[in-house]
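*Asks:* Protein sequences, first through last, are from chains A and B.
Sequential numbering from 1 applies to the first sequence in this note's numbering.
Sequential numbering from 1 applies to the second sequence in this note's numbering.
Please note that a few of the clues may not be correct.
As the list claims (entries may be wrong) - Below 25 angstroms or equal to it, Euclidean Cα-Cα: the simulated SDA-like pairs (lysine to any residue) are:
#: 1; chain 1: B; residue 1: K218; chain 2: B; residue 2: L323
#: 2; chain 1: A; residue 1: K274; chain 2: B; residue 2: L383
#: 3; chain 1: B; residue 1: K217; chain 2: B; residue 2: Y131
#: 4; chain 1: B; residue 1: K217; chain 2: B; residue 2: Q325
#: 5; chain 1: B; residue 1: K56; chain 2: A; residue 2: D310
#: 6; chain 1: A; residue 1: K187; chain 2: B; residue 2: S15
#: 7; chain 1: A; residue 1: K274; chain 2: B; residue 2: A38
#: 8; chain 1: B; residue 1: K120; chain 2: A; residue 2: I60
#: 9; chain 1: A; residue 1: K367; chain 2: A; residue 2: C426
#: 10; chain 1: B; residue 1: K56; chain 2: A; residue 2: N308
#: 11; chain 1: B; residue 1: K120; chain 2: B; residue 2: Y131
What the hints contain is simulated information worked out from the structure, not anything from laboratory work.
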Amino acid sequence: MSEIHSETSTHTAYVRTEMLPEQAPPITAAGPVKWVRENLFSSLGNGIMTILALYVIYYILSHMLGWVVMGIWDADSLSECREIRDGFIADGRWAEHTEVACWAVLGDRWHQLLFGFYPPEFYWRPILSLVIFGVALAPVLFDSVNRKMLILTILAPFICYFLLWGGSIWGPLVVAFGFVLGFACIKYGALPLGALLSTLAAILLPLLFWLFLAGPITGVLNSIAPIGLESVDSDDFGGFLLAFVIGAAGIILSMPLGVVLALGRQSDLFIINKFSVIFIEVIRGVPLIVWLFTASLLLNYFLPPSANFDLMLRVIIMVTLFSSAYIAEVIRGGLAALPRGQYEGADSLGLNYWQAMQLIILPQALKISIPGIVSSFIGLFKDTTLVVFVGLSDPIGFSNLIRATTDWNGIYWELFIFIGLCFFICCFGMSRYSQYLERKLATGHR
Amino acid sequence: MATLTDPPQQSFQLSQLIYDTRYRSTTIQVVAFILIMAGIWWLGNNVVTNLAARGKDFDFGFLGSRAGYDINQMLVEYSNDSTHARAALVGILNTLLVAFLGCIAATIIGVTAGVLRLSKNWIVGRLMTVYVEGFRNIPLLLWIIVIFAIMTEATPQPRDFRGEDAEASMILWDSVAITNRGIFMPAPQWGANSLLLVAIFLASIVGIFVYRSMARKKQEQTGAQSPVFLVGLALFFIPTLIAYFILGRPVTLNYPELGGFNFSGGLQLRNSFIALWFALSLYTGAFIAEIVRAGILAVNKGQTEASSALGMRPNRTMNLVVLPQALRVIIPPLISQYLNLTKNSSLAIAVGYMDVRATLGGITVNQTGRELEGMLLLGLFYLITSLVISGGMNLYNNSVKLQER
Numbered sequence: 001m002s003e004i005h006s007e008t009s010t011h012t013a014y015v016r017t018e019m020l021p022e023q024a025p026p027i028t029a030a031g032p033v034k035w036v037r038e039n040l041f042s043s044l045g046n047g048i049m050t051i052l053a054l055y056v057i058y059y060i061l062s063h064m065l066g067w068v069v070m071g072i073w074d075a076d077s078l079s080e081c082r083e084i085r086d087g088f089i090a091d092g093r094w095a096e097h098t099e100v101a102c103w104a105v106l107g108d109r110w111h112q113l114l115f116g117f118y119p120p121e122f123y124w125r126p127i128l129s130l131v132i133f134g135v136a137l138a139p140v141l142f143d144s145v146n147r148k149m150l151i152l153t154i155l156a157p158f159i160c161y162f163l164l165w166g167g168s169i170w171g172p173l174v175v176a177f178g179f180v181l182g183f184a185c186i187k188y189g190a191l192p193l194g195a196l197l198s199t200l201a202a203i204l205l206p207l208l209f210w211l212f213l214a215g216p217i218t219g220v221l222n223s224i225a226p227i228g229l230e231s232v233d234s235d236d237f238g239g240f241l242l243a244f245v246i247g248a249a250g251i252i253l254s255m256p257l258g259v260v261l262a263l264g265r266q267s268d269l270f271i272i273n274k275f276s277v278i279f280i281e282v283i284r285g286v287p288l289i290v291w292l293f294t295a296s297l298l299l300n301y302f303l304p305p306s307a308n309f310d311l312m313l314r315v316i317i318m319v320t321l322f323s324s325a326y327i328a329e330v331i332r333g334g335l336a337a338l339p340r341g342q343y344e345g346a347d348s349l350g351l352n353y354w355q356a357m358q359l360i361i362l363p364q365a366l367k368i369s370i371p372g373i374v375s376s377f378i379g380l381f382k383d384t385t386l387v388v389f390v391g392l393s394d395p396i397g398f399s400n401l402i403r404a405t406t407d408w409n410g411i412y413w414e415l416f417i418f419i420g421l422c423f424f425i426c427c428f429g430m431s432r433y434s435q436y437l438e439r440k441l442a443t444g445h446r
Numbered sequence: 001m002a003t004l005t006d007p008p009q010q011s012f013q014l015s016q017l018i019y020d021t022r023y024r025s026t027t028i029q030v031v032a033f034i035l036i037m038a039g040i041w042w043l044g045n046n047v048v049t050n051l052a053a054r055g056k057d058f059d060f061g062f063l064g065s066r067a068g069y070d071i072n073q074m075l076v077e078y079s080n081d082s083t084h085a086r087a088a089l090v091g092i093l094n095t096l097l098v099a100f101l102g103c104i105a106a107t108i109i110g111v112t113a114g115v116l117r118l119s120k121n122w123i124v125g126r127l128m129t130v131y132v133e134g135f136r137n138i139p140l141l142l143w144i145i146v147i148f149a150i151m152t153e154a155t156p157q158p159r160d161f162r163g164e165d166a167e168a169s170m171i172l173w174d175s176v177a178i179t180n181r182g183i184f185m186p187a188p189q190w191g192a193n194s195l196l197l198v199a200i201f202l203a204s205i206v207g208i209f210v211y212r213s214m215a216r217k218k219q220e221q222t223g224a225q226s227p228v229f230l231v232g233l234a235l236f237f238i239p240t241l242i243a244y245f246i247l248g249r250p251v252t253l254n255y256p257e258l259g260g261f262n263f264s265g266g267l268q269l270r271n272s273f274i275a276l277w278f279a280l281s282l283y284t285g286a287f288i289a290e291i292v293r294a295g296i297l298a299v300n301k302g303q304t305e306a307s308s309a310l311g312m313r314p315n316r317t318m319n320l321v322v323l324p325q326a327l328r329v330i331i332p333p334l335i336s337q338y339l340n341l342t343k344n345s346s347l348a349i350a351v352g353y354m355d356v357r358a359t360l361g362g363i364t365v366n367q368t369g370r371e372l373e374g375m376l377l378l379g380l381f382y383l384i385t386s387l388v389i390s391g392g393m394n395l396y397n398n399s400v401k402l403q404e405r
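Could you put together the complete structure from these sequences and hints?
*Replies:* Next comes the structure, spelled out in structure tokens:
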């Protein structure tokens with residue numbers, strides 16, 4: 001045995017007895033070189049495209065980078081910026097950059113771009129309402145958050161309204177009481193009155209309450225206990241505060257209206273169906289800008305002569321109507337995507353229309369349509385810039401106002417970049433969120 | 001054994017209107033109808049009261065009176081002596097022009113970007129992602145203003161083109177000048193016989209389509225393929241070129257020339273038009289890119305592999321297998337993007353492009369004080385345009401959609 005072993009070992013001296021360590025693959029088959037070969041230069045056309053793309057990137061960066069990085073942050077006016085720049089050029093600090101950004105305008109005017117003419121001593125109010133809004137949104141956006149926080153979600157609109165506009169605390173409270181009244185009708189009226197009558201009561205009672213009782217009650221409460229914050233005029237709202245307020249109000253108010261319109265469009269009832277279709281198509285067929293002009297020029301014609309709405313409220317009404325038509329179409333898609341069996345199942349359980357909708361159909365339909373809803377919210381938020389044309393000072397309006405001052409006359413790009421960046425962060429965040437939801441819901445739905 | 005019994009014969013009770021499902025839907029509809037009508041009546045009544053209070057009436061007669069303002073870009077004849085209706089028409093044509101050109105450019109940009117975003121080339125893919133996300137997440141209005149600012153701030157003035165060592169020069173063999181007043185380019189000048197030339201050109205385009213359908217029929221019957229592309233290319237150029245020289249060059253180009261303070265002659269594309277057109281196309285193109293990408297990704301990979309297994313080359317796979325299936329997914333959202341672009345063209349207000357909102361819904365309304373009538377007509381125009389576009393595209397959509405049993 002040992003003989004044979006020794007014989008083989010002598011005859012097969014070329015066979016290795018120990019394992020070789022693993023070696024790195026050839027440089028062309030792994031690592032960055034392989035990656036570059038496969039992803040950038042896999043063929044002649046691909047290589048040409050790579051070089052073209054690199055040139056485009058170089059071209060943009062070579063023109064932008066120095067301008068952005070060398071920008072001047074500390075100056076009081078554009079002319080001072082230019083003096084500093086000329087000083088640097090004279091120093092020979094940088095000869096090749098003749099143009100540099102003047103970011104000082106942002107330091108000088110950031111409060112106007114963000115808050116408009118909102119009184120500086122009250123800046124904590126919009127900031128606090130933004131925080132409350134964010135916290136209130138959390139249980140809607142992420143289902144890992146405690147469900148009890150939904151109470152805050154319901155209260156948040158009233159709190160935010162009170163914080164932003166100030167005034168007496170009793171106004172929002174009395175309006176909120178109207179909603180409580182409607183909710184009570186649905187909750188406790190269904191048994192004695194029946195579903196249809198309690199629904200009708202839930203719509204009519206709060207309306208009557210707001211129309212006839214809300215005003216006097218608020219007056220009485222005010223005279224008894226005048227609690228409140230100093231009120232801020234709608235005209236003082238501006239910049240991103242305005243965009244956020246209009247966007248958020250439009251989003252919150254258009255959601256229920258959109259659901260109702262979508263149900264109306266899916267309804268078998270001929271008249272309700274046709275009116276929903278006409279409303280949705282007319283609203284969607286005409287650009288928002290025309291609706292905004294309608295709001296600013298014509299809404300007074302359609303209201304009683306005594307009514308005097310301020311422009312911001314009129315714009316919010318119009319934006320809400322506009323957005324609800326788009327939301328309705330998205331939700332209609334969700335309703336149509338539900339299998340028929342879900343409707344039939346609800347019927348076979350003996351649920352009435354509203355119960356079926358509330359317990360079975362809408363939760364599923366809304367879940368399917370969330371990505372679409374989010375993208376129409378992104379559109380709505382971007383569209384808030386259009387209010388500049390009816391005389392409200394949104395960020396773009398404020399960039400014009402800042403340019404109109406003697407200090408900053410002639411400054412363009414710095415303001416545009418700042419505004420664009422703010423919008424980009426908000427909208428990109430929303431779209432990433434909707435993609436996250438889409439991924440999360442895709443597993444649940446299949 | 002099931003026995004059907006007649007419903008109990010009893011007299012109609014009022015409560016059945018609410019509790020009996022046979023009558024309830026009618027009740028709800030009647031109530032809804034009454035409520036909606038009451039709402040409309042209330043709005044209408046307010047309008048009548050308010051109009052009366054302001055001493056106005058509801059009258060479209062203002063359309064026939066003299067407009068008295070100038071419009072800088074017009075596709076049909078117009079002067080400030082023309083009527084408001086004529087001004088509205090000029091505005092409508094301007095809107096349709098920018099919407100039409102915008103749709104074409106947006107489709108080209110969007111399809112290119114969508115396909116490139118899927119490309120294996122890493123850098124190109126990322127570059128397209130930056131383009132798509134950048135344009136989708138920043139308001140269109142900002143893009144319009146930015147592009148307008150680039151056009152007016154970063155381009156040379158006409159007087160920079162003057163002199164021996166001018167600061168700026170015209171591009172494309174001294175024919176196109178990019179200035180801060182717009183782009184000046186050669187305009188065709190139609191001489192005698194030019195109508196005949198156009199007719200020949202149109203006839204040769206019809207010829208291309210006839211030849212293509214003949215070739216397809218031949219291929220279906222015999223299997224023999226004809227050189228469709230080359231013959232088409234030849235038909236497109238050769239007859240027109242021959243006719244051009246035989247007819248003695250009826251169409252010449254009118255080059256822009258620098259004279260006085262500005263360029264004269266040629267065709268001037270105003271900055272407002274270019275900014276609007278570019279911004280609309282780039283913005284909508286980013287959305288179309290996403291639609292195209294989703295459409296191509298929606299086609300099963302097995303389809304590509306199967307066609308490769310059959311021995312088809314990649315471009316034929318794309319044309320015959322992937323695209324027809326992707327189109328079904330792409331077209332419905334594409335329609336709504338075209339609609340969006342058309343409606344967004346009303347943002348012309350930001351750069352002073354004279355579209356229908358600026359003429360009918362702007363100056364005319366301001367001059368005559370007819371807000372109600374003017375906005376009504378403006379809304380009607382956009383509504384009809386939207387319905388026509390979506391109707392036309394739905395017809396096309398029906399022709400490419402999956403034929404199911």
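*Asks:* Taking the hints in turn, state whether each one holds.
*Replies:* Hint by hint, here is what the structure shows:
no. : hint               : in the structure
1   : K218/B with L323/B : holds (23 angstroms)
2   : K274/A with L383/B : holds (17 angstroms)
3   : K217/B with Y131/B : violated (43 angstroms)
4   : K217/B with Q325/B : holds (22 angstroms)
5   : K56/B with D310/A  : holds (23 angstroms)
6   : K187/A with S15/B  : holds (22 angstroms)
7   : K274/A with A38/B  : holds (17 angstroms)
8   : K120/B with I60/A  : holds (23 angstroms)
9   : K367/A with C426/A : holds (22 angstroms)
10  : K56/B with N308/A  : holds (20 angstroms)
11  : K120/B with Y131/B : holds (17 angstroms)
Hint violations for this structure: number 3 only, all remaining hints satisfied.
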